[in-house]
Amino acid sequence: MVGAYARLVENRNGPHSSPHSTARAAAFFDLDKTVIAKSSTLAFSKSFYQGGLINRRAVLRTAYAQFVFLAGGADHDQMERMREYLSSLCRGWDVAQVREIVAEALHELIDPIIYDEAASLIEDHHAAGRDVVIVSTSGAEVVEPIGALLGADRVVATRMVVGPDGRFTGEVEYYAYGPTKAEAIRELAASEGYDLDRCYAYSDSATDVPMLESVGHPFAVNPDRALRKEAAARDWPVLSFSRPVRLRQRLPSLSMPSLSLPSRTALATAAAVGAAATAGLIWYASRRRPPYGRVAGTDRVARA
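For what it's worth, this note's numbering labels the leading residue of the sequence shown as 24, then goes sequentially.
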């Protein structure tokens, strides 16, 4: 566990253990635009509107934020302003209501936008005995249910302060963004016995470079311009995920992520804050971004 920042997410088989060796390994996945094709938080904006949490104007603003996010046109300052706006927007939201809305809309909104290639990697990492950890800037109220849906073992996500009345105060308790993601991974490695040199990490955003460089096997997935440049300079493999598919409709044996050439490497050819903050904190943070998960094996590049 990474203090109050990480939460164990048990899948139907329970927590995983490492049966083969003392040195364990994990696969760390950013969520937005890495495992799913959109911003996890903004995907629920319509549901939050229908639940009376936000008004029509806020829906339009989050729709615009989603567009900017997907287009890769927002810089750090723009994302920070959006984060502040969304944090204030969720002030007063009832946490229980947010969780109920997310639970009811989860399969309808998230299941169809999970990348087939990402789901295959998660399966491969588990098969290789690695833990799968989702590390996302989005709010925990959104990320944790998605992590459970994906079968992740753990989740690291942004957490909003909840007042004694069970409502968000608008303040951020823990912000899973940039360097703090790498810090969480190091803490988790220390507590769980992960050998970071044997671990994997996947992200689409340059803001996650600290996370990627903290493991022995970093991968850029659908990278933004800055991360693509960084990957080329460091010879990091670049993966292209383009097939969103419902989990129930997947044929695991047919799912293979494609690699694109990073630069000089021969290896390559080839998407709250507690819901409210979730509906935006993740927008800004998601630029980088996604629960604690596990990844398999270190003797091969999981089907990449």
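Do not take every clue at face value.
Unchecked claim - As a list, the in silico DMTMM-like pairs of lysine to aspartate or glutamate whose alpha-carbon atoms are at most 25 Å apart:
no., residue 1, residue 2
1, Lys69, Asp134
2, Lys69, Glu146
3, Lys61, Asp134
4, Lys252, Asp220
5, Lys61, Glu127
6, Lys69, Glu127
7, Lys252, Glu236
8, Lys69, Glu123
9, Lys69, Glu194
10, Lys61, Glu253
11, Lys69, Asp117
12, Lys69, Glu107
13, Lys252, Glu196
14, Lys69, Glu131
Don't read these hints as lab results, they were simulated from the structure.
Against the structure, the hints come out as follows:
no.	hint	in the structure
1	Lys69 / Asp134	16 Å, holds
2	Lys69 / Glu146	31 Å, violated
3	Lys61 / Asp134	12 Å, holds
4	Lys252 / Asp220	23 Å, holds
5	Lys61 / Glu127	18 Å, holds
6	Lys69 / Glu127	13 Å, holds
7	Lys252 / Glu236	14 Å, holds
8	Lys69 / Glu123	14 Å, holds
9	Lys69 / Glu194	23 Å, holds
10	Lys61 / Glu253	23 Å, holds
11	Lys69 / Asp117	17 Å, holds
12	Lys69 / Glu107	20 Å, holds
13	Lys252 / Glu196	33 Å, violated
14	Lys69 / Glu131	12 Å, holds
This entry does not satisfy hints 2 and 13, going by the numbered hints stated previously.
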